[in-house]
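Undergrad: If you read the protein sequences in the order shown, they are chains A and B.
Our numbering puts the first residue of the first sequence at 1, with every later residue one more than the last.
Our numbering puts the first residue of the second sequence at 1001, with every later residue one more than the last.
The set of hints was computed from the structure by calculation and includes no laboratory data.
You may find that some hints are simply not true.
Distance windows between CB atoms, simulated [unchecked claim]:
no.	chain 1	residue 1	chain 2	residue 2	range
1	B	R1191	A	A138	26 to 32 Å
2	B	A1097	A	W148	37 to 43 Å
3	B	A1026	A	G20	33 to 39 Å
4	B	P1002	A	R19	49 to 55 Å
5	A	A97	B	S1091	52 to 58 Å
6	A	R19	B	G1029	46 to 52 Å
7	B	E1152	A	E117	55 to 61 Å
8	B	A1054	A	E152	46 to 52 Å
Glycine is no exception: its CB is placed at the ideal position from the N, C-alpha and C atoms.
Protein chains: 2
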Amino acid sequence: MPEAAIYVALVHGPVKNKRGERVTTAVTGLNVHDIARAVTTYGGRGYFLVTPLAAQQELVRRMVAHWEGSFGTHYNPNRKDALGVAEVVNSLDDTIAAVAGREGGAAPRVVVTSAREVAGVAPVTFSDLRGRIADGGAPLLLVFGTGWGLVEETIGGADLLLEPIHGHGGYNHLSVRSAVSIVLDRLLGERGERGPE
Amino acid sequence: MPEAAIYVALVHGPVKNKRGERVTTAVTGLNVHDIARAVTTYGGRGYFLVTPLAAQQELVRRMVAHWEGSFGTHYNPNRKDALGVAEVVNSLDDTIAAVAGREGGAAPRVVVTSAREVAGVAPVTFSDLRGRIADGGAPLLLVFGTGWGLVEETIGGADLLLEPIHGHGGYNHLSVRSAVSIVLDRLLGERGERGPE
């Protein structure tokens, strides 16, 4: 059985700010680039930037078109290839519909992430989710929040909550770019022990 | 025996550009922030930004001072803590000397990284290096290149070359920020299987 298809969503709104209020954050260029490159490296089928703001949607479309066009082709074809996975959507519901549309109607299982434990929600472990992906089945949508993280209703409405990344002992200080990269590596990275030849 | 101390160096010069020429790249703000946060999360003892350019050195010092000062303390204490591991140095030799100075004179083993295999150099695997770190001994300096990667003399002069990150099948398109995060996670990340309670 083939492994499950993987999609990544980066939510800019609604998310929390540092006071826990609902906000929409600005899209930053490196979140488009770094995460598109990571999704491409790990064989993801799509990367959705979620923002309800029309001006921000237009900004992302222009950024992708710039790299997809003659500039990217000339300057760095690898980066052009990576940007091809990125697209912008209005909401997480639209993301789910877009994934289902591409996967022959199969709605994705929605897996939310958090830098910390969430009270009252038992998380799925990395190794458990890695096993489920390898077993195949419904496509998987991995959801990350910008700002100070996803709002409660997004976490509560998901199918699964992924356990937080624990680095080495204490607190998780990672940027969302680092967190996405590490999650993809833990779930999909090649683990073969290919020693020196 | 305690595990080996870990340091990270990000080299801006000399590195290669896309035509393989020796260049010095500009320091970018997110390379300071994201990598400092990753090093802190994974328990690294120091993060060295290597550039021979005095104006770039001054820029990094101002950036770190900004976050270490009253702005960072007020805005985001976690980010302030992370930036405390970052410092700027002139060369890789100066980095090695700085690590030895902090580690009671013990020179670090220098481990270079590359996005691709290097002809004629047998790499150490992630799991082998993870085991060596756990076994303790000399401090380890993990060296990453900006631009199109480290120059041959840096790779040739190192004690070890770490195997490339293989994502899922093909080519490695990762940003250096993603690569550092994934390498630290593979070498130092907690691997305990803590299931849902």
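Undergrad: Hint by hint, note whether the structure agrees.
TA: Outcome of the hint check:
no., hint, verdict
1, R1191/B x A138/A: 26 to 32 Å, "holds, 27 Å"
2, A1097/B x W148/A: 37 to 43 Å, "holds, 40 Å"
3, A1026/B x G20/A: 33 to 39 Å, "holds, 37 Å"
4, P1002/B x R19/A: 49 to 55 Å, "violated, 40 Å"
5, A97/A x S1091/B: 52 to 58 Å, "holds, 53 Å"
6, R19/A x G1029/B: 46 to 52 Å, "violated, 25 Å"
7, E1152/B x E117/A: 55 to 61 Å, "violated, 46 Å"
8, A1054/B x E152/A: 46 to 52 Å, "holds, 49 Å"
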